[in-house]
Amino acid sequence: SFGPFVAVGGFEEILAILGRMFPFEGRGLCHAYWAPNIWAFYNVADKALEIGLRKMRVPVRSSGKSMMGGLVQNIQHAVLPAITPPVTILLTLAAMAPILIDTWRRPDPQRFARAAGLCTLASFFFGWHVHEKAILTATIPLALAVLEDTCRRTPGSPENASSEAEKKKNKRKKDAPSSSSHDTYTALCLSGFMMLHLSSTGSLLPLIFPPFETPIKIALLVGHGSAMLALCETRVRRNVGRDGHVLGVLECAYVVGLVFVQVFEWVLPLVLPRLAFMPLMLWSVYCAIGIAYGTICYVVAT
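Just so we're on the same page, the numbering used here is the position in the sequence shown counted from 1, plus 61.
Calculated directly from the structure, the hints in this document are not laboratory data.
Where hints are given, some of them may not hold.
Pairs of lysine to any residue residues, derived as SDA-like cross-links and limited to a Cα-Cα distance of at most 20 Å, are as follows [unchecked claim]:
| no. | residue 1 | residue 2 |
| --- | --- | --- |
| 1 | K194 | V121 |
| 2 | K108 | Y354 |
| 3 | K278 | T262 |
| 4 | K194 | H285 |
| 5 | K108 | L141 |
| 6 | K108 | L268 |
| 7 | K194 | L333 |
| 8 | K194 | L268 |
| 9 | K194 | H138 |
| 10 | K108 | T145 |
| 11 | K108 | V346 |
| 12 | K194 | L282 |
| 13 | K108 | V119 |
| 14 | K194 | T153 |
| 15 | K194 | F102 |
| 16 | K116 | A106 |
| 17 | K108 | H138 |
| 18 | K194 | Y354 |
Model the full structure from these sequences, guided by the hints.
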C-alpha cells in the first residue's frame, strides 16, 4: 500500500506518513484536557513540588510554557524528570506484557474481550498524548467481558452448568470454584467495573461544555449509571443474596464526590476566573483515581 508513495516521493513520503500517524513532534505528553491517566497524577505532583519548593525559596528551573494553559504544546516539567515518547512506549509495553503472555499461554475465546480491554487500558494509562475519549475503547470490551464472565460464573446458569459438567467429566471436581469464590468474584468484579465505568463516563462530561447542554449530560450520566447499577445489583444478589451490593461505603462516597466536582466546575469560574483550567484538572485527577481503583479491583477479581 505504500508503494505508490515511494514511487512518487521516495522514502521521504513514508516518513511524512509516519509523522502523521505518530505525531510526537509539536504535541506534548498530555492533551489540552488531560486524560484521566497516570500523567494527570504526574503533572499535578510536578506542579505541587514546584509551588512547594518556590515557597521554600529553593531554586527550581522554569517549566516555560504552562502545562495548565489548556493548549496542545510540548511541556517541560519543572521538578520531575521529563517524559519522552520512548518512555511511554516502554511503560505501555510493560503493562501489556502480562496480559499478552497470559493470553498466549492460555488462549480462550471467552477471555479475549477482557484481554483486549485491559491492553487498551494499558495504552490509555501510559500512552503519549492520550485523548480522554480513548477510555471508551477500553470500557466497551470490558463491559462485554464482565457480562460474559458473570453469566458464566452464576450458579444455575447454562454456561456454569456446562462448565461444571465438563470438569466432572475430566475428574477435576475438586478444582472447581466454590460458591464463595463465585460470590467474591462477582462482587469484586462488578464493583471494579462500576467504578471504572462511572469514572470514565464522568471524565467525558467536560467535553460537553455549552451551559444549555448541562442538564442533558447530567441526565444521561445519572440515567445510564443507574441502569448499569441496577443490572449489576441484580447479578450480585443472584449470586450473593439479598445482602449483596455492588458499591460499598468507599465507592458510594466516591460517586457522591462526582457531584461536588461538577458543582466546583460551576462555581470556580465565578469566584476565581483566573484559574480557568482548575476544573478540568480536578476532573482529570478525580476520575483518574476512580479509573485506577476500578481497574485494580477488576484485575484482582479476574
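Hints versus structure:
1. Distance hint between K194 and V121 is unfulfilled; the C-alpha atoms sit about 34 Å from each other, more than 20 Å.
2. The hinted pair formed by K108 and Y354 fails the criterion: a straight-line CA distance of about 23 Å is larger than 20 Å.
3. A hinted pair counts as satisfied when its Cα atoms are at most 20 Å apart, and K278 with T262 qualifies at roughly 10 Å.
4. Pair hint K194 plus H285 holds up; C-alpha atoms about 17 Å apart against a cutoff of 20 Å.
5. At roughly 9 Å between alpha-carbon atoms, K108 and L141 fall within 20 Å of each other, so this suggested pair holds.
6. A hinted pair counts as satisfied when its Cα atoms are at most 20 Å apart, and K108 with L268 does not qualify at roughly 24 Å.
7. Between K194 and L333, the direct Cα distance comes to roughly 28 Å. Violation of the 20 Å bound is thereby established for this hinted pair.
8. At most 20 Å may separate the alpha-carbon atoms for a hinted pair to count; K194 and L268 meet this at roughly 9 Å.
9. With a CA separation close to 25 Å, the supplied pair K194 and H138 exceeds the 20 Å bound.
10. Proximity of K108 to T145 is assessed by CA-CA distance (about 18 Å); at most 20 Å being required, the pair is judged to hold.
11. The straight-line distance between the Cα atoms of K108 and V346 is roughly 13 Å, inside the 20 Å bound, and the hint therefore holds.
12. Taking the CA atoms of K194 and L282, the gap is about 15 Å. The hint holds against a cut of 20 Å.
13. Distance restraint check for K108 and V119: the Cα-Cα separation of roughly 14 Å lies within the 20 Å cut-off, and the hinted pair is therefore satisfied.
14. Proposed proximity of K194 and T153 is supported: the alpha carbons are some 18 Å apart, at most 20 Å.
15. Straight-line distance between C-alpha atoms of K194 and F102 comes to about 18 Å, which keeps the hinted pair within the 20 Å bound.
16. For a cut-off of 20 Å, the pair hint linking K116 to A106 stands: about 15 Å separates their Cα positions.
17. With a C-alpha separation of about 8 Å, the suggested pairing of K108 with H138 holds against the 20 Å cut-off.
18. Between K194 and Y354 the alpha-carbon distance is near 19 Å, which keeps this suggested pair within the 20 Å criterion.
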